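So the protein sequences, as listed, match chains A and B. The first sequence maps to residues 1 to 175 in the numbering used here. The second sequence maps to residues 176 to 634 in the numbering used here.
Note that these hints are calculated values from the structure, not bench results. Incorrect hints may appear among the rest.
[Stated by the list, open to error] Below, simulated DSSO-like cross-link-like pairs (lysine-lysine); rule was C-alpha separation at most 30 Å, straight line:
id, chain 1, residue 1, chain 2, residue 2
1, B, Lys537, A, Lys130
2, B, Lys279, B, Lys537
3, A, Lys165, B, Lys388
4, B, Lys388, A, Lys26
5, B, Lys388, A, Lys49
[Said to hold, decoys possible] Computed Cβ-Cβ distance ranges for the label pairs, DEER-style:
id, chain 1, residue 1, chain 2, residue 2, range
6, B, Pro320, A, Phe58, 37 to 45 Å
7, A, Gln78, B, Thr236, 37 to 45 Å
8, B, Gly248, A, Leu92, 27 to 35 Å
Since this is a predicted model, take the numbers as computed values, not measurements. Each residue gets a CB set at the ideal place from its N, CA and C atoms; glycine is no exception.
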Amino acid sequence: MADKVIYATYDDEQVLLRGAKDLVSKGIYIRDVYSPFPIHGLDPVIGVKHTRIAITAFIYGLIGLSLAVYGMYYFMIQDWPMNIGGKPNFTLIDNLPAFIPITFEFTVLLAAHGMALTYFLRNWTLPGVKARNPYPETTDDKFVMELHLHDNHDQTELELEEMLKATGTTRIEAR
Amino acid sequence: MHQESAIREPLILGDKSYSDITNDVLRPIVGKADRSWYIVFGLASVMALWGIGCILYLLGTGIGTWGLNKTVGWAWDITNFVWWVGIGHAGTLISAVLLLFRQKWRMAINRSAEAMTIFAVMMAAVWPGIHMGRIWLAYFVFPLPNQFGSLWVNFNSPLLWDVFAISTYFSVSLVFWYIGLIPDFATIRDKVTQVVPKKVYSLLAFGWTGNAKAWNRFEEVSLVLAGLATPLVFSVHSIVSMDFATSVIPGWHTTIFPPYFVAGAVFSGFAMVNTLLIVMRKVLNLENYIHVKHIEYMNIVIIVTGSIVGVAYLTELFISWYSGVEYESYAFINRATGPYWWAYWSMMTCNVISPQVFWFKKLRTNITFTFFMSIIVNIGMWFERFVIIVTSLHRDYLPSSWTMFHPTFIDIGCFIGTIGIFFVLFLLFARFFPVLALNELKSILKSSGEAYKKQTLEH
């Protein structure tokens, strides 16, 4: 049997949130919610885990830090030590204070851009990608809940729609 | 839902719904531009073209077309560079620092302040670029493998720190701005009906969907970027100040420079945000979103940072005497009473004395007066950089080489030109980009909207 998707539209994010809580308590699995802005408190209800993207930023930052320190060690101490105003570059530790600004900048550079790229890839928001929101209104003022028949074996399509209606949705569409 | 006291002034005035917010921001994008927009855009374009002409002449002929001489080797070029970088500090400060402090009033102004930041940093980057003279060798500032040794850039030099600071600041601000813009581009994409704009905004929106996980990531990325951008904002102008502070020129060689430059940068940045937004809210009919309360908050930031700058000026003056170094004392006596006294006192009046009038609530909530003051502050901050750079250089250790700096036609043209390019970019932004952060404003509508606040009062 082909999977069927039910989209339930709401006019208010609080109604959707109450509805989602209600449905989940009855054992319904909500696949996704589309909204024009983040609805606070919804993620734990529909089982969206907190993103780990901040950890990746930390890792990118560490890479930036090591690259910066190693790069400056190579350029200034190993490859071409310069004697600037009688203050030669012979050891990393002596030069470290002068290297701090660039180390910091490069750490931030890699952390920010690495995280941004990860974010674009994980969200699949890239130039030329087609939008996948069910209705154009979900980026304006409508909030849409997405249910798959496939995820909810215990209910028939009709039963699901009845349950959705009880939560105060303004429009139900099955595709 | 987050509740906010009804006593606290609302941030969104009038009875707005979610789609009203969308439509208010979309109107200038889908509609025809005002006649006033075309007039200002035409004027800015002329300035920009004049500037580009002067820059091309400069590049073709050489730095000698500027008024620099062997004593004053840095003048308007670096003054303008520092001025623009300073202006470029408000945007990321508003979006990053105020995000960390959970200040909701930032949401109406952050988008345009960040745009201003990006354009201002671009204008700043023009100056060291053209100051190199041979701009086609600009890639030498990066540590690229080469056939000269290999000869590397000097990582002990603050000038190189600056290269890294400015490029990091610019690119991180750009990414931060763009990540915030994506959901709003998606709103425009789903709302416009004309074929070409729909295509363009679809491309710009990167296929944003707005599902729960995407928003979850969006909020986390915004928070972490804010956390990264906050120390970045402070580091950038600190490093700019080190271009001066690490030298041994009396008047430059001061440890107070980093915090003093950062305060000055925030000061001028907020003034520029005021200048731009006071006009923009009127022309684009956004008075319900950017209103007196927002302007008052910015004026408070201006008093605080203006006072920090004032204390820094006085500390500098005191220390120059207290240090007992006669060259240092002379640098400051010369600033205040020498041939450049007018620049010093313009700076003092515009930056230290005049912002103090904002202690009066009547004045800091007066929009016309704020606009006037924002211009004064920007003039004052330009003079600050001019005073630091030129008056410290023009009388060096050898009286026979004492001289004055006289700007040439090209000096003036390049400066006016960057102002023109900046305004061209900002006007294009105001016409084609969502000037308010739609998704953020919608998320505070119920807690900070006027109509919703009234409802909670009645219950």
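Taking the hints in turn, this is what the structure says about them:
no.: 1; hint: B:Lys537 <-> A:Lys130; result: violated, 51 Å
no.: 2; hint: B:Lys279 <-> B:Lys537; result: holds, 23 Å
no.: 3; hint: A:Lys165 <-> B:Lys388; result: holds, 25 Å
no.: 4; hint: B:Lys388 <-> A:Lys26; result: holds, 22 Å
no.: 5; hint: B:Lys388 <-> A:Lys49; result: holds, 8 Å
no.: 6; hint: B:Pro320 <-> A:Phe58: 37 to 45 Å; result: violated, 30 Å
no.: 7; hint: A:Gln78 <-> B:Thr236: 37 to 45 Å; result: holds, 42 Å
no.: 8; hint: B:Gly248 <-> A:Leu92: 27 to 35 Å; result: holds, 33 Å
Violated hints, in rising order: 1, 6; the structure is consistent with all others.
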